[in-house]
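Heads up: the protein sequence lines correspond to chains A and B, in order. Note that this note's numbering gives residue 535 to position 125 of the first sequence, counting from 1, and the numbers run on in steps of one. Note that this note's numbering gives residue 441 to position 278 of the second sequence, counting from 1, and the numbers run on in steps of one.
Please keep in mind that the hints were generated in silico from the structure rather than gathered at the bench. Cβ coordinates follow ideal geometry from the N, Cα and C atoms, glycine included. Just to be clear, a hint being listed does not mean it is correct.
To give a feel for the contact side, a few chain A residues facing chain B, derived at Cβ under 10 Å [claimed, not checked]:
id: 1; residue: Glu468
id: 2; residue: Arg500
id: 3; residue: Glu507
id: 4; residue: Arg508
id: 5; residue: Thr510
id: 6; residue: Ala512
id: 7; residue: Glu513
Just so you have them, the derived chain A footprint on chain B, three or more residues with Cβ under 8 Å [said to hold, decoys possible]:
id: 8; stretch: 367-381
id: 9; stretch: 396-404
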Amino acid sequence: MRLFRWLLAASCMWATATLADPPRGYPFVGFDAGLKAARASNKPIFLYFGRYGCAWCELTNKKTFSNASLKKLYLDNYELVYVDAESGKRLTLPSGERITEAELGVRLQAFATPLFVYLTPQGDKIMRIPGFKTVQDFRDYDRYVRGGHYQQKTLLEFLGGKS
Amino acid sequence: MTWLLMVLAWPVQAAWTWSEALTVNSVQGAAVFPHLESANRQGVAVSDDTVGVAWEDNRDGGPQCYLSTKSAGTTTFAPEIRLSQSECYEPVVVALGGGRFVVAWEEAGQVHARVLPDGAVIRLSQAESAQVTLATGAGKLYAAWAERAGKFHRIVVAQLALTEDGLSVRFAQPVEARVPKDGQSWPALAVAGDGSVTVAWEDRRARHTVPMVSHSRDGRRFTMPVRLSDKKSESVEGLGAGSGAMRTTLSAWGKQGVAAAWLDKRDFLAGYDVYAALDGGKRRFGRNLVVQDSFGDSMTQWHAQIVGDRQGRLLAVWDDARDGSPDVWLADWNGKAFGDNEGVPAASGPGAQSDPVATLDAAGRLHLVWLDRDEATGTRIRYARAVRK
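From just these sequences and the hints, can you work out the full model?
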């Protein structure tokens with residue numbers, strides 16, 4: 411809680427009327443386009459499950475996704491997908507089922523936003539990460555995913571090994 | 164301590180006695196995906212003793228909408244009728260008398276309606292439109308939908324008339340005349356006993372999703388929209404714009420009342436909760452009420468619907484996974500609060516039972532329909548009827 415308050419207080423200098431849409435400058439696309447692109451490029455999918463007006467999403471956008479090297483890392487190595495937690499926009503799951511973006515939240519058991527989901531190029535879930543995360547967190551997740559460590563270790567085991 | 168454990172272990176007294184569950188959809192399979200999602204969750208209706216269930220599935224290669232009925236005295240649902248010719252979503256059904264129904268749906272980007280069993284299909288709007296819903300009451304039939312106006316959609320309400328060959332649109336107009344500056348979606352509609360119309364929807368003008376509501380005495384002139392939620396959430400120290408809320412449902416309730424329920428994320432650590440509000444007839448909703456009990460409070464609730472009738476019965480249904488997997492739950496309004504949550508026996512236990520839609524018939528019997536998901540064998544649409552003990 412103290413950390414949350416500190417982060418909120420520290421971020422006041424960036425406070426603007428901007429909202430919790432995808433971070434600026436990132437070429438996020440919809441789920442269907444992202445899955446199609448991933449199958450073609452064989453890159454994993456980085457799915458940002460956000461919510462219109464979400465404070466934590468905006469905090470993550472400003473504190474974390476503003477980092478230029480992190481941006482390059484994710485642009486170079488992932489297909490970027492943004493899903494709106496309350497939207498009725500439709501998407502097609504790898505199974506062929508058509509559901510709304512909001513319903514995807516049900517399937518992902520998304521109790522909070524932002525929720526970050528890493529998927530294989532075929533759309534299979536690798537892991538889901540809820541809440542605000544730092545630049546270093548996303549670098550660690552990238553090593554875990556693109557290094558294929560998720561096939562042998564849990565994320566906790568992997569991160570424990572790092573230290 | 165022993166006393167406390169006994170209290171905690173004591174089963175909640177079930178208020179409803181349930182019939183054996185029936186399967187509604189005749190076609191199932193691992194690659195067939197039925198959905199009961201619709202604006203105001205109007206997926207089941209009862210006309211006299213005939214039950215009608217509307218849904219969408221992809222058995223024919225793409226999403227199409229279907230209706231199946233079960234007549235009084237029969238123990239199975241009749242083979243479904245396909246309602247649509249091209250890509251179809253989110254069908255709704257309401258009852259007319261004499262075993263007849265009105266169904267509405269989105270097809271090829273526009274909203275349509277039809278009287279069943281023998282009416283012609285009409286298009287409700289020429290504009291791009293979606294998320295249609297229907298409501299009847301005081302001898303009137305209304306529809307509402309989200310219709311594109313400029314960059315965004317806005318809510319349109321129409322009065323429909325029964326004609327020799329089915330339906331016609333008597334009038335249709337937006338709740339607000341001005342072109343919206345942000346999105347409006349998922350309308351819910353109720354016609355109170357005095358004939359007034361209440362419409363609620365998801366609204367993003369506050370830069371986050373807020374359930375808004377408006378009333379009309381005649382279905383033509385609507386009051387200035389106001390928030391349904393009594394907690395005016397705002398940005399947190401300059402970040403974001405407020406908490407989320409979605410999928411408002413409405414039901415006529417009692418002689419002149421209207422009840423509402425929606426998913427609300429004001430307690431952001433527990434995901435969406437079910438909140439409700441009641442309007443006893445003054446066309447003003449009271450304070451917000453928490454619907455799920457303390458056992459479900461830390462869980463995320465989904466697919467909530469408020470269900471009322473003219474006799475004043477009121478309950479809410481939804482699904483949550485408090486017992487480890489999604490189950491269907493209900494809570495009765497006891498006059499002061501929503502009571503202990505009651506699991507639906509046939510919609511509980513291993514596997515995923517979710518997406519409830521429900522209605523009360525004239526005798527006060529509860530008709531419940533839900534999805535029973537099985538990835539290997541396919542999803543069944545299930546139906547059960549309950550009587551209050």
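Hint by hint, here is what the structure shows:
{"no.": "1", "hint": "Glu468", "verdict": "holds, 5 Å"}
{"no.": "2", "hint": "Arg500", "verdict": "holds, 7 Å"}
{"no.": "3", "hint": "Glu507", "verdict": "holds, 4 Å"}
{"no.": "4", "hint": "Arg508", "verdict": "holds, 6 Å"}
{"no.": "5", "hint": "Thr510", "verdict": "holds, 7 Å"}
{"no.": "6", "hint": "Ala512", "verdict": "holds, 7 Å"}
{"no.": "7", "hint": "Glu513", "verdict": "holds, 7 Å"}
{"no.": "8", "hint": "367-381", "verdict": "holds (count 5)"}
{"no.": "9", "hint": "396-404", "verdict": "holds (count 7)"}
Of the numbered hints listed earlier, not one is contradicted by the structure.
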